[in-house]
Amino acid sequence: MQPIQLQWIDYTILIAYVAFVLGIGWALARYVKTSSEFLTSARSIPTWVTGLAFISANLGALELVGMAASGAKYGIATAHFYWVGAIPAMIFLAVFMMPFYYGSRARSVPEYLKMRFDERVRALNSIAFAVMTIFASGISINALAKLLTNLLPWQFDVKIGLLHLGSYDAYLWICSGVVLLYVLKGGLTSAIYTEVLQFFMIVLGFAPVVYLGLKDVGGWHAMNHSLQTVAVHPAAFYLKPPGTSYAPDAWNSAWRPVLAGSAHNPMGVDWFAIIFGLGFVLSFGYWCTNFLVVQRAMAAKNMTAARNTPLVAAVPKMLFPFLVIVPGMIAAALCTLPNKDYRIPPPIVSPANYNDAIAAVRNATAADDNNFNAVSAAIGKKLDHDKILSLIAANKTSQLTDTQIKQGLYNSVAENDYDEVILSLVKKYCPPGLMGLALTALLASFMSGMAGNVTAFNTVFTYDLYQAYFAPGKSDKHYFWFGKFITVVGIILSICAAYFASMFLNAMDVIQLVFGFVNAPLFATFLLGMFWKRTTGTGAFIGLFCGIGSSALFQALTTVPTNLNAAGHSISVVKGGYLGVLKVFPSEMAQNFWLATFAFIVCFTLTVVISLLTRRAKSDEELKGLVYSLTPRIVDTNLPWFRRPAVVGILLLIACAILNIIFW
Amino acid sequence: MGLDIRWPIGLMFTLIGVLLTIFGAVKKSASTSLDININLIWGIVLLIFGILMLWGAIRGRKNPPSV
Numbered sequence: 001m002q003p004i005q006l007q008w009i010d011y012t013i014l015i016a017y018v019a020f021v022l023g024i025g026w027a028l029a030r031y032v033k034t035s036s037e038f039l040t041s042a043r044s045i046p047t048w049v050t051g052l053a054f055i056s057a058n059l060g061a062l063e064l065v066g067m068a069a070s071g072a073k074y075g076i077a078t079a080h081f082y083w084v085g086a087i088p089a090m091i092f093l094a095v096f097m098m099p100f101y102y103g104s105r106a107r108s109v110p111e112y113l114k115m116r117f118d119e120r121v122r123a124l125n126s127i128a129f130a131v132m133t134i135f136a137s138g139i140s141i142n143a144l145a146k147l148l149t150n151l152l153p154w155q156f157d158v159k160i161g162l163l164h165l166g167s168y169d170a171y172l173w174i175c176s177g178v179v180l181l182y183v184l185k186g187g188l189t190s191a192i193y194t195e196v197l198q199f200f201m202i203v204l205g206f207a208p209v210v211y212l213g214l215k216d217v218g219g220w221h222a223m224n225h226s227l228q229t230v231a232v233h234p235a236a237f238y239l240k241p242p243g244t245s246y247a248p249d250a251w252n253s254a255w256r257p258v259l260a261g262s263a264h265n266p267m268g269v270d271w272f273a274i275i276f277g278l279g280f281v282l283s284f285g286y287w288c289t290n291f292l293v294v295q296r297a298m299a300a301k302n303m304t305a306a307r308n309t310p311l312v313a314a315v316p317k318m319l320f321p322f323l324v325i326v327p328g329m330i331a332a333a334l335c336t337l338p339n340k341d342y343r344i345p346p347p348i349v350s351p352a353n354y355n356d357a358i359a360a361v362r363n364a365t366a367a368d369d370n371n372f373n374a375v376s377a378a379i380g381k382k383l384d385h386d387k388i389l390s391l392i393a394a395n396k397t398s399q400l401t402d403t404q405i406k407q408g409l410y411n412s413v414a415e416n417d418y419d420e421v422i423l424s425l426v427k428k429y430c431p432p433g434l435m436g437l438a439l440t441a442l443l444a445s446f447m448s449g450m451a452g453n454v455t456a457f458n459t460v461f462t463y464d465l466y467q468a469y470f471a472p473g474k475s476d477k478h479y480f481w482f483g484k485f486i487t488v489v490g491i492i493l494s495i496c497a498a499y500f501a502s503m504f505l506n507a508m509d510v511i512q513l514v515f516g517f518v519n520a521p522l523f524a525t526f527l528l529g530m531f532w533k534r535t536t537g538t539g540a541f542i543g544l545f546c547g548i549g550s551s552a553l554f555q556a557l558t559t560v561p562t563n564l565n566a567a568g569h570s571i572s573v574v575k576g577g578y579l580g581v582l583k584v585f586p587s588e589m590a591q592n593f594w595l596a597t598f599a600f601i602v603c604f605t606l607t608v609v610i611s612l613l614t615r616r617a618k619s620d621e622e623l624k625g626l627v628y629s630l631t632p633r634i635v636d637t638n639l640p641w642f643r644r645p646a647v648v649g650i651l652l653l654i655a656c657a658i659l660n661i662i663f664w
Numbered sequence: 001m002g003l004d005i006r007w008p009i010g011l012m013f014t015l016i017g018v019l020l021t022i023f024g025a026v027k028k029s030a031s032t033s034l035d036i037n038i039n040l041i042w043g044i045v046l047l048i049f050g051i052l053m054l055w056g057a058i059r060g061r062k063n064p065p066s067v
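Chains as they are written, first to last, in our numbering: chain A, 1 to 664; chain B, 1 to 67.
Isolated chain A (complex conformation):
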């Protein structure tokens, strides 16, 4: 509720981080002389670095904030996003797909598509990716600017002609400037190195918060015990509408509530949606084809390093739920403990509204519905009926201070802003010093979210758009300087995307929706391309194009119960059903997973059928090294067992299965 008071040590840690990040860029500058070194790191990075960068590039700001939010909303089942929705795909990428990405000597994922298929498929993929990655970058830096505006006391207020610039603008431009500087100097290597730094910052910055949180709730078993109260009465903590109730283990058990059916778990999904929609389509679609992460593996020193990169990344990925999801569970558990004086933060209420509501409480004649409505209207948010009535009654018996009434109002807002959970725990447990470390970890992940996306953007734009279609055959120096130029453009476009995301309430939802449309069919194209030599360019292009279209169509014809008005029509375009409601899913997550399943099937089927109907444009000789059946098997029997990707992959799958069983 109150802004955080930062002290000199917190600022020192923050400034130290920024100084080091800029220093890394400067130190690398003399080694970055060619377009290959600037854009792709020229295959020079050791495995442990690419592995940690691989996982860090994915661990954006939204992941940290979002996973804590989901941990509060859904409990340990959120770990499905890691143990089902990431590990299997990462292992598949390492063992089966990296040989094609790395062996083909493609400099980007779209370039692989061009080699395997033709220019049409490359163009579709590179344009879609370029747009998405800029939006992802903008979302990251927007979240950072908002965070700093709420946290730091520095006020900025400048009028330039008609432009009125405030703190948000200052932080946005300054942080973007820092990212631009170190990426311009050191290229992809800068981004990779700072991603590794970010990884350690996050682990070391948030581990103490998790430890202190667990200590506060009385330990792991005590936390699970408290979560049983949450599962049986979620409405008491504003997690679900009144009347909803689940089995006591709904927050502690990852699989049992899912297997019981979509009505029996807070996520509202069934097992097929989780395993096929999330675990196969969305998961493989992201981890195996998204150039943001694949680029880090492609920067590895050699084939073995490239294949081991996702495997190295899989180890921390498996353990991350304990770092990022558990805080959310701790928050939910804290709500049930009355002496902790904690609730999941409500949406922000302006001081003016608080004052009006305080006045309404003071002026209330009696603890009845009329006065409750008056207070509700004043504060502008949904309120807990019983709590407000007792607040009014308490004020009547003994005159409460403004602070006490405000606290009472704060505790009575019947909505939760889950994105504030992680920050609320940091405020609760971190003294000055540790606070600076945790906040710098957040800052690090937001900034590297922008850096990672911009370095993926500049590579795809330079090689797959500029060199391919606008200016082929120029000198390497030409592309080197273009790469730098397009990096500046990328940062500016990201800033524009950030403004877009900040101005429109639903912008984030729309952007995520479009990401989903594009990602869903993608894996079908790659799967068929890499493992079936008969797949033709025409088949791939039409399959992918129609796959994206079918995603949009599916979303337009289905929706969720909260989006239906009294007449059964869709309220908001973002939640679907605006062309008609053919099916209502129990939750948005379920709708998302089924949409992915549908798009995958459409893309797969169309690609197969049209490939069989069209002639192959490329001979077996041309496809050597690009398709499984036409590529010599990699011989790694000379390596010790712990360096063989297939062996390590199997061991990791077993470890992942064990985790699933422990948290069954």
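Note that these hints are calculated values from the structure, not bench results.
Be aware that a few hints might be false.
Mimicking EDC-like on lysine to aspartate or glutamate, the simulated pairs with C-alpha atoms at most 16 angstroms apart in a straight line are [what the hints assert, rightly or not]:
#1 A:K428 x B:D35
#2 A:K215 x B:D35
#3 A:K427 x A:D341
#4 A:K382 x A:D369
#5 A:K33 x A:D476
#6 A:K301 x B:D4
#7 A:K575 x A:D509
#8 A:K240 x A:E588
#9 A:K618 x A:D118
Got chain A; can you put chain B on it based on the hints?
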């Protein structure tokens, strides 16, 4: 590529570790959370981590990096 990443990581965490340790030792009451002087303890952990990283970097300079 040219710069061994363990240098900046080691240096930064050693620096932050020293800062937190000194702050935790000097400002004991401000540094406690749930009756633990978390700044002091975690500062030492970071310091050890930073030194381990630096040791790795120094060893890396002596032996050229292998595959």
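Each hint tested on the structure:
1. For a cut-off of 16 angstroms, the pair hint linking K428 of chain A to D35 of chain B stands: about 14 angstroms separates their Cα positions.
2. Straight-line distance between C-alpha atoms of K215 of chain A and D35 of chain B comes to about 11 angstroms, which keeps the hinted pair within the 16 angstroms bound.
3. The straight-line distance between the Cα atoms of K427 of chain A and D341 of chain A is roughly 13 angstroms, inside the 16 angstroms bound, and the hint therefore holds.
4. A threshold of 16 angstroms between alpha carbons decides the hint, and for K382 of chain A with D369 of chain A the separation of about 14 angstroms falls inside it, so the pair holds.
5. The hinted pair formed by K33 of chain A and D476 of chain A meets the criterion: a straight-line CA distance of about 10 angstroms does not exceed 16 angstroms.
6. Between K301 of chain A and D4 of chain B, the direct Cα distance comes to roughly 14 angstroms. Compliance with the 16 angstroms bound is thereby established for this hinted pair.
7. The suggested pairing of K575 of chain A with D509 of chain A holds, with an alpha-carbon distance near 9 angstroms, which does not exceed 16 angstroms.
8. Annotation: proposed proximity of K240 of chain A to E588 of chain A holds, straight-line Cα distance about 14 angstroms (limit 16 angstroms).
9. For a cut-off of 16 angstroms, the pair hint linking K618 of chain A to D118 of chain A stands: about 9 angstroms separates their Cα positions.
The structure is consistent with each of the numbered hints, conforming to all of them.
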